[in-house]
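Line by line, the protein sequences give chains A and B.
Per numbering that gives the first Met the number 0, the very first residue in the first sequence carries number 0; after that it's consecutive.
Per numbering that gives the first Met the number 0, the very first residue in the second sequence carries number 0; after that it's consecutive.
Just so you know, the hints here were simulated from the structure itself, not pulled from any lab data.
There may be inaccurate statements among the hints.
Repeated chains share a single entry, so a pair holds when one copy, or any two copies, can fit it.
[Unchecked claim] Cross-link-like lysine-lysine pairs, in silico, BS3-like; alpha carbons within 25 Å at most:
{"hint": "1", "residue 1": "252", "residue 2": "269"}
{"hint": "2", "residue 1": "194", "residue 2": "157"}
{"hint": "3", "residue 1": "194", "residue 2": "87"}
{"hint": "4", "residue 1": "283", "residue 2": "87"}
{"hint": "5", "residue 1": "283", "residue 2": "320"}
{"hint": "6", "residue 1": "99", "residue 2": "320"}
{"hint": "7", "residue 1": "283", "residue 2": "157"}
{"hint": "8", "residue 1": "252", "residue 2": "276"}
{"hint": "9", "residue 1": "194", "residue 2": "84"}
{"hint": "10", "residue 1": "78", "residue 2": "207"}
{"hint": "11", "residue 1": "252", "residue 2": "182"}
The model shown is predicted, which means the values in this text are computed figures rather than measured ones.
There are 2 protein chains.
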Amino acid sequence: MSNTEARITLAVDAMGGDQGPQEILAGVSKAVNVSPRNTHFVLFGQEEVLGPIVEHDLNLNSNQVSVRHAPEIVGMDEKPIAGIKGKKRSSMSLALNALKEGEADALLSCGNTGCLMAGSAIRLRTLEGIERPALCTIWPGRERYFTLLDAGANPHAKPYHIVQSAVLGSNYARVALGLVRPKVGLLTIGTEEGKGNEVIHETHSMLKDIDGSIINYAGLIEGFQIFENVVDVVVCDGFVGNIVLKACESLSKLIRSFLDEELRRNTLRKTGALLSKGAFKSLKQRINPEQFGGAPLLGLTKNVIKAHGSSNQNHICGAIKIGLDLVQHDMLAQVLDDICETNEILRPPNPIQHSSPNS
Amino acid sequence: MSNTEARITLAVDAMGGDQGPQEILAGVSKAVNVSPRNTHFVLFGQEEVLGPIVEHDLNLNSNQVSVRHAPEIVGMDEKPIAGIKGKKRSSMSLALNALKEGEADALLSCGNTGCLMAGSAIRLRTLEGIERPALCTIWPGRERYFTLLDAGANPHAKPYHIVQSAVLGSNYARVALGLVRPKVGLLTIGTEEGKGNEVIHETHSMLKDIDGSIINYAGLIEGFQIFENVVDVVVCDGFVGNIVLKACESLSKLIRSFLDEELRRNTLRKTGALLSKGAFKSLKQRINPEQFGGAPLLGLTKNVIKAHGSSNQNHICGAIKIGLDLVQHDMLAQVLDDICETNEILRPPNPIQHSSPNS
Numbered sequence: 000m001s002n003t004e005a006r007i008t009l010a011v012d013a014m015g016g017d018q019g020p021q022e023i024l025a026g027v028s029k030a031v032n033v034s035p036r037n038t039h040f041v042l043f044g045q046e047e048v049l050g051p052i053v054e055h056d057l058n059l060n061s062n063q064v065s066v067r068h069a070p071e072i073v074g075m076d077e078k079p080i081a082g083i084k085g086k087k088r089s090s091m092s093l094a095l096n097a098l099k100e101g102e103a104d105a106l107l108s109c110g111n112t113g114c115l116m117a118g119s120a121i122r123l124r125t126l127e128g129i130e131r132p133a134l135c136t137i138w139p140g141r142e143r144y145f146t147l148l149d150a151g152a153n154p155h156a157k158p159y160h161i162v163q164s165a166v167l168g169s170n171y172a173r174v175a176l177g178l179v180r181p182k183v184g185l186l187t188i189g190t191e192e193g194k195g196n197e198v199i200h201e202t203h204s205m206l207k208d209i210d211g212s213i214i215n216y217a218g219l220i221e222g223f224q225i226f227e228n229v230v231d232v233v234v235c236d237g238f239v240g241n242i243v244l245k246a247c248e249s250l251s252k253l254i255r256s257f258l259d260e261e262l263r264r265n266t267l268r269k270t271g272a273l274l275s276k277g278a279f280k281s282l283k284q285r286i287n288p289e290q291f292g293g294a295p296l297l298g299l300t301k302n303v304i305k306a307h308g309s310s311n312q313n314h315i316c317g318a319i320k321i322g323l324d325l326v327q328h329d330m331l332a333q334v335l336d337d338i339c340e341t342n343e344i345l346r347p348p349n350p351i352q353h354s355s356p357n358s
Numbered sequence: 000m001s002n003t004e005a006r007i008t009l010a011v012d013a014m015g016g017d018q019g020p021q022e023i024l025a026g027v028s029k030a031v032n033v034s035p036r037n038t039h040f041v042l043f044g045q046e047e048v049l050g051p052i053v054e055h056d057l058n059l060n061s062n063q064v065s066v067r068h069a070p071e072i073v074g075m076d077e078k079p080i081a082g083i084k085g086k087k088r089s090s091m092s093l094a095l096n097a098l099k100e101g102e103a104d105a106l107l108s109c110g111n112t113g114c115l116m117a118g119s120a121i122r123l124r125t126l127e128g129i130e131r132p133a134l135c136t137i138w139p140g141r142e143r144y145f146t147l148l149d150a151g152a153n154p155h156a157k158p159y160h161i162v163q164s165a166v167l168g169s170n171y172a173r174v175a176l177g178l179v180r181p182k183v184g185l186l187t188i189g190t191e192e193g194k195g196n197e198v199i200h201e202t203h204s205m206l207k208d209i210d211g212s213i214i215n216y217a218g219l220i221e222g223f224q225i226f227e228n229v230v231d232v233v234v235c236d237g238f239v240g241n242i243v244l245k246a247c248e249s250l251s252k253l254i255r256s257f258l259d260e261e262l263r264r265n266t267l268r269k270t271g272a273l274l275s276k277g278a279f280k281s282l283k284q285r286i287n288p289e290q291f292g293g294a295p296l297l298g299l300t301k302n303v304i305k306a307h308g309s310s311n312q313n314h315i316c317g318a319i320k321i322g323l324d325l326v327q328h329d330m331l332a333q334v335l336d337d338i339c340e341t342n343e344i345l346r347p348p349n350p351i352q353h354s355s356p357n358s
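Start from the sequences, fold in the hints, and give me the full structure.
Take a look at the structure:
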């Protein structure tokens, strides 16, 4: 039991998600097998549900996995504040508390996104110098993966918030994608000088100010360029990011079901589809990569990872890997340095009142 | 030559687009064959280029098709104002003039979008009571097609502009999709009361005010609902609309090329793909339907249709059909009525200064 290496503890909200605790715990089980021995998993949820799965179904190592009882469950349809404040003994709420109290280094949930974001904002503070958190997603591009943020944490973003997202996203791309100097692009319409809107013009100018020293700013990019790997970090406000993310997820599902329908239309097509079924399986994995099953909520004092509600055990395992990577690379310390430097550079020409969230 | 029926004249910018005049004129030729005899096409472009194609290659009926010489061409990379003001004798510019002077009822161009929008704004006025034009696109949904606007004409939209888009889009959906009471949805993030941002809250309230009498307002919708045919008309500001449109177009191309790569990876897959090739062809047509090759710039005193730069002859023919439908259904008159009624309803509680475009 004694271990001189620093122990890493991951809190898991084991009751959230569409697939139920069985699938989440199967994901934890996979993660246990591929994680260092100094990793500990605390599963939050109803003991009578989780206990039998942990002990009998999965036979999880009790040195690495423990269960913390949480009688309540935040439903997938609950409203953000009601779900968190109204259910203080839910798996999500107690997991957030454990994170806040330093009992865990990172948290994973595939539960209600709105509640997780609201709960994180209420229970955890933002890192010093950061005004708003940002949800950061990883997407498949033509040649390699890229990150897009904010995917919906802050739908009222001011230019300075988008600049902070650029710093946060760059740090995340370094850890999650292994890039040394990830290229950052600001999402807009039309890349000519003067196109876009006021928020874009101001953000663009601030990003140019921190280019080189803190981020590697590649300039403005349009919607059609995001999948072409023109940049590694696409930044936009949470309103645009959330709509683009959901529209693209939905379009990708639509194309898959159109393809499925067309392939079943006659015997010839069915036969062909059977022969090339490996291609469809690979396609699915390329579009929805399991190794990037989680999206971190960046800018907080702790690492919070959101996995999709529909995550399977492989997505859960991928999301856990992301959480552990963030802890191991101590991304939060690097973010703190970068944000401090950003504020130093931007404060003189662009006075920002950090005390007020409405500045 | 004498014809008692009202003659419809369509001006065609025959030099724009990526595929060259040959493809555009092939599209016109297809359209001539399926259009009423009272339809006349005026092709704007270099006489020495268009003449031989019209007379020899396509042998187009000279009673229905005429060529108007325009020595200059607006390039696909030119800046909006420079392309229009700097090239007064371009095919696009002269076609816009013909529309302005009443020599044509509608205009089709697959040239530079920015220049066409700027040129339309400069040369043509907006309909009385309308402040800004909106670009309206047709998208494939799970069960049927739907419209989305504004796709980029106005990236600084105020709530009132988005309300006008709802009225414009409803009228367009009636003509282009044949719907009697198209359902309108306002694109946002999260449909709970209070989610979204200020512009959304104000727009939502105004849309509720004109629900029933002028539009059929179904409320807020999220990005993942747009392809699910929850509504027939998706409204949003031009910044969001343009980014979503381009991201989705680009994602759809990416999925197609991933699929193509996967299907070529080994002989078994290649054989399967050959057998089911009909499915891939149908899929392409479902995702990029040729009958909706054009997007109208709505809200102007004349019908302006933008076709994609990469349009083939079938897309061109589809876009022409849209232009003719708008003229035949006299959509502009209906829009004028609806906007007048909208302004009557919204003016008392929401005083709007129609004289100033910055109101």
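Checked hints:
| no. | hint | result |
| --- | --- | --- |
| 1 | 252 - 269 | both (20 Å within a copy, 24 Å between copies) |
| 2 | 194 - 157 | both (18 Å within a copy, 17 Å between copies) |
| 3 | 194 - 87 | between (47 Å within a copy, 23 Å between copies) |
| 4 | 283 - 87 | neither (38 Å within a copy, 50 Å between copies) |
| 5 | 283 - 320 | within (21 Å within a copy, 37 Å between copies) |
| 6 | 99 - 320 | within (21 Å within a copy, 62 Å between copies) |
| 7 | 283 - 157 | neither (36 Å within a copy, 40 Å between copies) |
| 8 | 252 - 276 | both (17 Å within a copy, 21 Å between copies) |
| 9 | 194 - 84 | between (43 Å within a copy, 18 Å between copies) |
| 10 | 78 - 207 | between (39 Å within a copy, 23 Å between copies) |
| 11 | 252 - 182 | between (29 Å within a copy, 23 Å between copies) |
The earlier numbered hints that this structure contradicts are 4 and 7.
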